[in-house]
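S.K.: Quick note on numbering: my numbering labels position 46 of the sequence shown as 46, and the sequence is numbered without any gaps.
Simulated from the structure, these hints should not be mistaken for laboratory data.
Hints are supplied without guarantee of correctness; some may be wrong.
What the hints assert, rightly or not - Have a look at the derived ranges for each label pair, beta carbon to beta carbon:
#: 1; residue 1: R42; residue 2: A4; range: 15 to 21 angstroms
#: 2; residue 1: W28; residue 2: E6; range: 31 to 37 angstroms
#: 3; residue 1: E6; residue 2: G35; range: 15 to 21 angstroms
#: 4; residue 1: R60; residue 2: L23; range: 17 to 23 angstroms
#: 5; residue 1: E3; residue 2: M37; range: 26 to 32 angstroms
#: 6; residue 1: W33; residue 2: R59; range: 18 to 24 angstroms
#: 7; residue 1: R59; residue 2: T2; range: 17 to 23 angstroms
#: 8; residue 1: L72; residue 2: E34; range: 15 to 21 angstroms
#: 9; residue 1: K10; residue 2: G41; range: 21 to 27 angstroms
#: 10; residue 1: E43; residue 2: E6; range: 27 to 33 angstroms
For glycine and all other residues, C-beta sits at the position ideal for the given N, C-alpha and C.
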Amino acid sequence: MTEAIEEAAKRLHFLGAPLFRGLSDRPWPMVPWEGGMVRLGREMRLEGVSVWYEVLGDRRSAVVLFALEPRL
Numbered sequence: 001m002t003e004a005i006e007e008a009a010k011r012l013h014f015l016g017a018p019l020f021r022g023l024s025d026r027p028w029p030m031v032p033w034e035g036g037m038v039r040l041g042r043e044m045r046l047e048g049v050s051v052w053y054e055v056l057g058d059r060r061s062a063v064v065l066f067a068l069e070p071r072l
């Protein structure tokens with residue numbers, strides 16, 4: 001399980017560091033961002049890992065927040 005998360009983090013390194021790694025206590029992770037909480041409502045599946053993410057901003061100044069959750 002840890003190997004899959006580490007491999008996914010390496011593949012997605014161009015997005016920066018994941019804000020969360022592990023199991024979420026909700027159907028989708030929520031992460032702190034600029035004084036509030038952001039729901040990561042989009043899911044992409046890699047081998048053994050769900051990548052939960054949200055894109056904030058427009059095309060020129062977009063920020064991608066993401067979390068890695070093992071698929072059991």
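S.K.: For the pair W33 and R59, does the Cβ-Cβ distance stay inside 18 to 24 angstroms?
M.R.: Between W33 and R59, where Cβ atoms are some 19 angstroms apart, the hint holds.
S.K.: W28 and E6, beta-carbon distance inside 31 to 37 angstroms?
M.R.: violated, 22 angstroms
S.K.: Kindly confirm whether 26 to 32 angstroms is satisfied by the beta carbon distance between E3 and M37.
M.R.: holds, 30 angstroms
S.K.: Could you tell me whether the CB distance from E43 to E6 stays inside 27 to 33 angstroms?
M.R.: violated, 19 angstroms
S.K.: Taking the Cβ atom of R42 and the Cβ atom of A4, is their distance within the range 15 to 21 angstroms?
M.R.: Holds, since R42 and A4 (Cβ atoms, about 19 angstroms apart) stay within the stated range.
S.K.: Taking 21 to 27 angstroms as the stated bounds, is the beta-carbon spacing between K10 and G41 within them?
M.R.: Hint holds: Cβ distance 24 angstroms, inside 21 to 27 angstroms.
S.K.: Against the range 15 to 21 angstroms, how does the distance between the Cβ atoms of E6 and G35 compare: consistent or not?
M.R.: About 30 angstroms separates the Cβ atoms of E6 and G35, which means 15 to 21 angstroms is violated.
S.K.: In this structure, is the beta-carbon distance linking R59 and T2 contained in 17 to 23 angstroms?
M.R.: With a Cβ separation near 35 angstroms, R59 and T2 fall outside 17 to 23 angstroms, so the hint is violated.
S.K.: Within 17 to 23 angstroms or not, the Cβ separation of R60 and L23?
M.R.: violated, 35 angstroms
S.K.: Using the C-beta atoms of L72 and E34, is the stated range 15 to 21 angstroms upheld?
M.R.: Violated: the Cβ-Cβ distance is about 32 angstroms, outside 15 to 21 angstroms.
Consistency note: the structure conflicts with the earlier hints numbered 2, 3, 4, 7, 8 and 10.
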